[in-house]
Amino acid sequence: MTFTRREFNRGVLTLAGLGAMGLGSRALAARTDELNILCWEGYNTDDVLGPFREAHAGATVRAESGTSDPDMVNKLRAGEIKVWDLINLNQPWARARLYPEGLIKPLEKERFMPYFEKMAQGFANPPYPLAFADNGDLIGMPQRYGPFSFVVNTDKISREMAEDQGWKLFLDPAMKDRYGILTYDNWNIIHMCLTGDQNPFAPLEGDGLETFRATAGQIFGGAKLLSDDLVAMNTALINGEIDAYFTGGTYTASPARLDGLTNIRGITPKSGPLDGKGGVVWIELTSAVNNPDPSPLAEDFLEFVQAPEICKAVGFAEGTYNPVAQMGNPEVFALWDEEELDAIQWDSLEEEMARSVQYDVVTSYDELYTIYNAAKRA
Amino acid sequence: MDRLNARLGYLTALPITALLLLSFVAPLVVVAAFSIMPQKVFSLAHLPDFSAYGEILRQGYWRSLIWSLGMAIAATAILFVISWPLAFAMAKVYRRFTLVLTVGVVMTLFVSENIRLFGWVLTLMKGGLIEGYLRSWGFAGFDGLLYNVPVIVFGLVYVYFPFMLFPLAQGIAMVPDDAREAAVDLGASRWQLLREVELPLAAPGIVIGCLLCFVLSAGAIAESKLLGGQAVIVMGDEVETAFTYGQNWPLGAALAMVLIAIIGAVALFSVSRVDLDAMFGGRK
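The listed protein sequences derive, respectively, from chains A and B.
For the first sequence, the working numbering assigns the number 1 to the initial residue and increments by one for each residue that follows.
For the second sequence, the working numbering assigns the number 1 to the initial residue and increments by one for each residue that follows.
Worth flagging that the hints you see were computed from the coordinates, not collected in a lab.
Glycine is no exception: its CB is placed at the ideal position from the N, C-alpha and C atoms.
You may find that some hints are simply not true.
To be verified - Straight line, CA to CA, 20 Å or less: simulated SDA-like cross-link-like pairs of lysine to any residue:
{"id": "1", "chain 1": "B", "residue 1": "Lys40", "chain 2": "A", "residue 2": "Tyr365"}
{"id": "2", "chain 1": "A", "residue 1": "Lys156", "chain 2": "B", "residue 2": "Phe142"}
{"id": "3", "chain 1": "A", "residue 1": "Lys75", "chain 2": "B", "residue 2": "Ala26"}
{"id": "4", "chain 1": "B", "residue 1": "Lys40", "chain 2": "A", "residue 2": "Pro100"}
{"id": "5", "chain 1": "B", "residue 1": "Lys40", "chain 2": "A", "residue 2": "Asp185"}
{"id": "6", "chain 1": "B", "residue 1": "Lys92", "chain 2": "B", "residue 2": "Asn148"}
{"id": "7", "chain 1": "A", "residue 1": "Lys176", "chain 2": "B", "residue 2": "Lys126"}
{"id": "8", "chain 1": "A", "residue 1": "Lys176", "chain 2": "B", "residue 2": "Phe42"}
{"id": "9", "chain 1": "A", "residue 1": "Lys176", "chain 2": "B", "residue 2": "Pro176"}
{"id": "10", "chain 1": "B", "residue 1": "Lys40", "chain 2": "A", "residue 2": "Asn199"}
{"id": "11", "chain 1": "A", "residue 1": "Lys176", "chain 2": "A", "residue 2": "Gly222"}
{"id": "12", "chain 1": "A", "residue 1": "Lys82", "chain 2": "B", "residue 2": "Phe42"}
{"id": "13", "chain 1": "A", "residue 1": "Lys156", "chain 2": "B", "residue 2": "Gly141"}
{"id": "14", "chain 1": "B", "residue 1": "Lys92", "chain 2": "B", "residue 2": "Phe24"}
{"id": "15", "chain 1": "A", "residue 1": "Lys75", "chain 2": "B", "residue 2": "Gly141"}
{"id": "16", "chain 1": "B", "residue 1": "Lys40", "chain 2": "A", "residue 2": "Asp300"}
{"id": "17", "chain 1": "A", "residue 1": "Lys82", "chain 2": "A", "residue 2": "Gln218"}
{"id": "18", "chain 1": "A", "residue 1": "Lys75", "chain 2": "B", "residue 2": "Phe42"}
{"id": "19", "chain 1": "B", "residue 1": "Lys40", "chain 2": "A", "residue 2": "Val361"}
{"id": "20", "chain 1": "A", "residue 1": "Lys109", "chain 2": "A", "residue 2": "Leu138"}
{"id": "21", "chain 1": "A", "residue 1": "Lys109", "chain 2": "A", "residue 2": "Gly136"}
{"id": "22", "chain 1": "A", "residue 1": "Lys277", "chain 2": "A", "residue 2": "Asn199"}
{"id": "23", "chain 1": "B", "residue 1": "Lys40", "chain 2": "A", "residue 2": "Ala374"}
{"id": "24", "chain 1": "B", "residue 1": "Lys126", "chain 2": "B", "residue 2": "Arg116"}
{"id": "25", "chain 1": "A", "residue 1": "Lys176", "chain 2": "B", "residue 2": "Ala179"}
{"id": "26", "chain 1": "B", "residue 1": "Lys40", "chain 2": "A", "residue 2": "Glu367"}
{"id": "27", "chain 1": "A", "residue 1": "Lys105", "chain 2": "A", "residue 2": "Asp366"}
{"id": "28", "chain 1": "B", "residue 1": "Lys126", "chain 2": "A", "residue 2": "Asp300"}
{"id": "29", "chain 1": "B", "residue 1": "Lys40", "chain 2": "A", "residue 2": "Lys176"}
{"id": "30", "chain 1": "B", "residue 1": "Lys126", "chain 2": "A", "residue 2": "Val231"}
{"id": "31", "chain 1": "A", "residue 1": "Lys168", "chain 2": "A", "residue 2": "Leu138"}
{"id": "32", "chain 1": "B", "residue 1": "Lys40", "chain 2": "A", "residue 2": "Glu338"}
{"id": "33", "chain 1": "A", "residue 1": "Lys168", "chain 2": "A", "residue 2": "Gln218"}
{"id": "34", "chain 1": "B", "residue 1": "Lys40", "chain 2": "A", "residue 2": "Arg77"}
{"id": "35", "chain 1": "A", "residue 1": "Lys105", "chain 2": "A", "residue 2": "Gln121"}
{"id": "36", "chain 1": "B", "residue 1": "Lys40", "chain 2": "A", "residue 2": "Arg97"}
{"id": "37", "chain 1": "B", "residue 1": "Lys40", "chain 2": "A", "residue 2": "Ser68"}
Unchecked claim - Anything over 12 Å on all C-beta distances counts as not near chain B; from chain A, calculated:
{"id": "38", "residue": "His56"}
{"id": "39", "residue": "Ser68"}
{"id": "40", "residue": "Asp69"}
Throw the hints in and build the complete structure from the sequences for me.
Right, dumping it as structure tokens:
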């Protein structure tokens with residue numbers, strides 16, 4: 001049998017046509033029973049989505065986990081605003097990028113403000129200020145949070161010593177080749193500023209940039225390994241290849257701690273250059289995407305995740321474990337057992353939060369990022 | 001009549017050409033267009049400038065480029081040397097065992113690359129399979145075998161092994177046994193046989209295998225991240241961070257274009273030197 005080019009082309013075109021018809025029918029489908037969520041891991045688990053699907057039988061609920069905040073922002077910028085209904089990422093990205101660019105839209109205050117009242121200290125009375133745009137619009141609901149500075153193996157470096165020394169620990173010549181860097185680039189930049197006694201959230205120029213260059217060079221020069229994978233970093237810490245890692249906190253240490261390795265501990269420095277504070281805390285916001293064909297289920301889901309069992313499922317999803325703002329409600333708090341509280345370092349959470357400032361937009365990010373990248377490459 | 005035939009040939013090729021242009025060339029055009037946009041913009045509606053390319057020169061990105069290309073060349077050379085004997089055996093010596101070997105090698109591809117590499121992390125790390133066992137048997141412990149350049153090259157060799165082995169075996173299968181026997185009968189030494197008969201006749205397979213391995217290795221990220229602890233920053237990593245943390249799409253696009261241009265030139269040059277139709281069973 002011979003197969004001519006014409007027959008081959010006909011086959012290809014038929015397949016392409018069928019494919020296009022499939023896409024078209026999807027595009028024409030109504031979105032009243034569809035919800036697409038772009039989120040950090042946790043909101044995409046069956047423990048969270050399962051009950052929502054049961055409550056909305058017939059609805060197609062999909063959630064995709066992102067790999068970084070900027071990666072998720074890129075998706076919306078690249079046109080996926082038509083795909084997603086909700087986006088969950090750290091608040092500076094929502095406030096500084098998504099909202100000003102019209103990629104997310106404000107939430108109904110009457111519907112969501114009451115939920116702030118039951119939240120933990122710092123989120124209630126007054127409601128968490130960074131959940132609002134400068135014009136007062138409510139741009140997202142907070143849930144997971146955690147202090148994020150660095151992590152040590154307390155069998156090698158005591159918690160007290162690490163907290164006292166703070167960021168200077170990584171400039172100590174004795175620490176050369178004893179630590180790794182978890183390359184969450186935007187966080188590394190904040191932490192390198194703090195190590196050099198600089199305020200990352202204020203503009204830096206001239207001498208300030210030179211100080212940052214020196215700090216970045218020193219930190220990268222002394223690091224034994226770099227990785228953007230928290231599992232790889234915890235593994236190196238557990239097997240003794242490193243004694244600490246630069247950039248990390250409850251979010252990264254909690255999986256090892258829940259496995260019983262409580263010598264892996266997130267550390268918040270006792271002091272630092274930000275009005276005496278040296279730690280930084282991240283807080284996620286879940287916002288409604290400014291989808292031209294919005295799904296009514298988006299805001300229903302935002303309300304749904306305020307229920308105690310769902311708060312627990314979000315805070316204790318597979319992968320990483322984190323406190324949630326709703327733990328201020330005794331009904332929610334009662335769902336955590338002692339081991340789980342120890343995994344999220346509940347014993348020191350309040351004091352760590354008190355020693356931390358809010359993760360914010362790094363004012364001179366572009367200049368610092370260029371210097372940071374050059375130091376990393378060298 | 002000949003002219004009509006030629007024109008009909010082009011016409012019948014038109015639909016598939018359009019499809020290929022749309023699916024392969026259009027994304028590349030978008031990347032190329034972004035690479036000449038002013039830095040830090042997110043749309044193509046700007047006057048072009050070449051500042052992103054200038055940034056590549058100013059900020060020392062050539063270092064990452066050299067590491068990526070250097071490690072890709074090293075991995076390809078090592079792969080060629082270790083795959084040749086096995087590919088030869090598969091094509092000429094083993095009979096039914098070739099199938100077993102093929103299934104064995106292909107099965108590794110069923111498992112995600114990251115998981116396979118993480119398996120090596122657990123093997124090579126301090127307290128891992130190698131160092132842990134040696135220490136428990138009374139040998140002095142050492143610091144693990146990870147986080148350096150040789151282990152990244154090892155990772156590339158491990159991951160891209162099938163991409164060298166199968167084209168090479170296919171290439172060697174094309175060397176007629178008669179030609180080898182004739183050469184030996186005429187007094188060729190083993191070295192002459194390899195250099196003057198086997199290598200030239202198996203060239204299409206060698207070129208395809210080397211190209212696949214080189215192209216994939218030059219753009220690889222996971223080996224450097226997981227095994228190498230980013231002992232060096234590779235080009236793929238630079239592209240990824242420019243698009244994500246850097247929020248500088250034109251810079252990421254320009255970095256990608258540099259890599260595409262180099263790899264494209266190498267690929268076109270190599271492919272033009274061999275008769276691929278012979279390998280794919282086309283015209284002789």
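Tested hints:
Restraint check for lysine 40 of chain B and tyrosine 365 of chain A: the C-alpha separation of about 12 Å stays at or below 20 Å, so the hint holds. Proposed proximity of lysine 156 of chain A and phenylalanine 142 of chain B is supported: the alpha carbons are some 18 Å apart, at most 20 Å. About 19 Å separates the Cα atoms of lysine 75 of chain A and alanine 26 of chain B, which keeps this hinted pair within 20 Å; it holds. For the hint linking lysine 40 of chain B to proline 100 of chain A, the alpha-carbon distance of about 16 Å falls within 20 Å, and the restraint holds.
A threshold of 20 Å between alpha carbons decides the hint, and for lysine 40 of chain B with aspartate 185 of chain A the separation of about 17 Å falls inside it, so the pair holds. Taking the CA atoms of lysine 92 of chain B and asparagine 148 of chain B, the gap is near 38 Å; set against the 20 Å cutoff, the hint is violated. Proximity of lysine 176 of chain A to lysine 126 of chain B is assessed by CA-CA distance (about 18 Å); at most 20 Å being required, the pair is judged to hold. Using a Cα cut-off of 20 Å, the hinted pair lysine 176 of chain A and phenylalanine 42 of chain B is violated, with the two alpha carbons roughly 40 Å apart.
The suggested pairing of lysine 176 of chain A with proline 176 of chain B is violated, with an alpha-carbon distance near 59 Å, which exceeds 20 Å. Restraint check for lysine 40 of chain B and asparagine 199 of chain A: the C-alpha separation of about 24 Å exceeds 20 Å, so the hint is violated. Restraint check for lysine 176 of chain A and glycine 222 of chain A: the C-alpha separation of about 4 Å stays at or below 20 Å, so the hint holds. Annotation: proposed proximity of lysine 82 of chain A to phenylalanine 42 of chain B holds, straight-line Cα distance about 17 Å (limit 20 Å).
For the hint pairing lysine 156 of chain A with glycine 141 of chain B, the CA-to-CA distance comes to about 18 Å; that is within 20 Å, so the pair holds. A threshold of 20 Å between alpha carbons decides the hint, and for lysine 92 of chain B with phenylalanine 24 of chain B the separation of about 37 Å lies outside it, so the pair is violated. Between lysine 75 of chain A and glycine 141 of chain B the alpha-carbon distance is near 47 Å, which puts this suggested pair outside the 20 Å criterion. In summary, the hint linking lysine 40 of chain B to aspartate 300 of chain A is not supported, as the alpha carbons are separated by about 36 Å, beyond the 20 Å threshold.
For a cut-off of 20 Å, the pair hint linking lysine 82 of chain A to glutamine 218 of chain A is broken: about 45 Å separates their Cα positions. For the suggested pair lysine 75 of chain A and phenylalanine 42 of chain B, the alpha carbons sit about 11 Å apart, so the restraint of at most 20 Å is met. Only pairs whose Cα atoms come within 20 Å are accepted, and lysine 40 of chain B paired with valine 361 of chain A is accepted, the gap being roughly 16 Å. For the given pair, lysine 109 of chain A sits about 7 Å from leucine 138 of chain A by alpha-carbon distance, which is consistent with the 20 Å threshold.
Between lysine 109 of chain A and glycine 136 of chain A, the direct Cα distance comes to roughly 10 Å. Compliance with the 20 Å bound is thereby established for this hinted pair. With a CA separation close to 10 Å, the supplied pair lysine 277 of chain A and asparagine 199 of chain A stays within the 20 Å bound. Between lysine 40 of chain B and alanine 374 of chain A the alpha-carbon distance is near 18 Å, which keeps this suggested pair within the 20 Å criterion. Using a Cα cut-off of 20 Å, the hinted pair lysine 126 of chain B and arginine 116 of chain B holds, with the two alpha carbons roughly 18 Å apart.
Between lysine 176 of chain A and alanine 179 of chain B, the direct Cα distance comes to roughly 61 Å. Violation of the 20 Å bound is thereby established for this hinted pair. At most 20 Å may separate the alpha-carbon atoms for a hinted pair to count; lysine 40 of chain B and glutamate 367 of chain A meet this at roughly 12 Å. A threshold of 20 Å between alpha carbons decides the hint, and for lysine 105 of chain A with aspartate 366 of chain A the separation of about 27 Å lies outside it, so the pair is violated. With a C-alpha separation of about 49 Å, the suggested pairing of lysine 126 of chain B with aspartate 300 of chain A is violated against the 20 Å cut-off.
Distance restraint check for lysine 40 of chain B and lysine 176 of chain A: the Cα-Cα separation of roughly 36 Å exceeds the 20 Å cut-off, and the hinted pair is therefore not satisfied. Using a Cα cut-off of 20 Å, the hinted pair lysine 126 of chain B and valine 231 of chain A holds, with the two alpha carbons roughly 15 Å apart. A threshold of 20 Å between alpha carbons decides the hint, and for lysine 168 of chain A with leucine 138 of chain A the separation of about 38 Å lies outside it, so the pair is violated. Between lysine 40 of chain B and glutamate 338 of chain A the alpha-carbon distance is near 47 Å, which puts this suggested pair outside the 20 Å criterion.
At most 20 Å may separate the alpha-carbon atoms for a hinted pair to count; lysine 168 of chain A and glutamine 218 of chain A meet this at roughly 11 Å. Note on lysine 40 of chain B and arginine 77 of chain A: the hinted pairing holds, with a Cα-Cα distance of about 13 Å set against a maximum of 20 Å. With a C-alpha separation of about 26 Å, the suggested pairing of lysine 105 of chain A with glutamine 121 of chain A is violated against the 20 Å cut-off. Distance check on the hinted pair: lysine 40 of chain B and arginine 97 of chain A sit about 13 Å apart at the alpha-carbon level, within 20 Å; holds.
As the CA atoms of lysine 40 of chain B and serine 68 of chain A are separated by approximately 18 Å, the hinted pair is consistent with the 20 Å bound. Every beta carbon of chain B lies more than 12 Å from that of histidine 56 of chain A, the smallest distance being close to 33 Å; the non-interface claim holds. The claim that serine 68 of chain A lies off the interface is violated: its Cβ sits roughly 5 Å from the closest Cβ of chain B, which falls inside the 12 Å cut-off. The claim that aspartate 69 of chain A lies off the interface is violated: its Cβ sits roughly 9 Å from the closest Cβ of chain B, which falls inside the 12 Å cut-off.
Checked against the numbered hints above, the structure breaks hints 6, 8, 9, 10, 14, 15, 16, 17, 25, 27, 28, 29, 31, 32, 35, 39, 40 and satisfies the rest.
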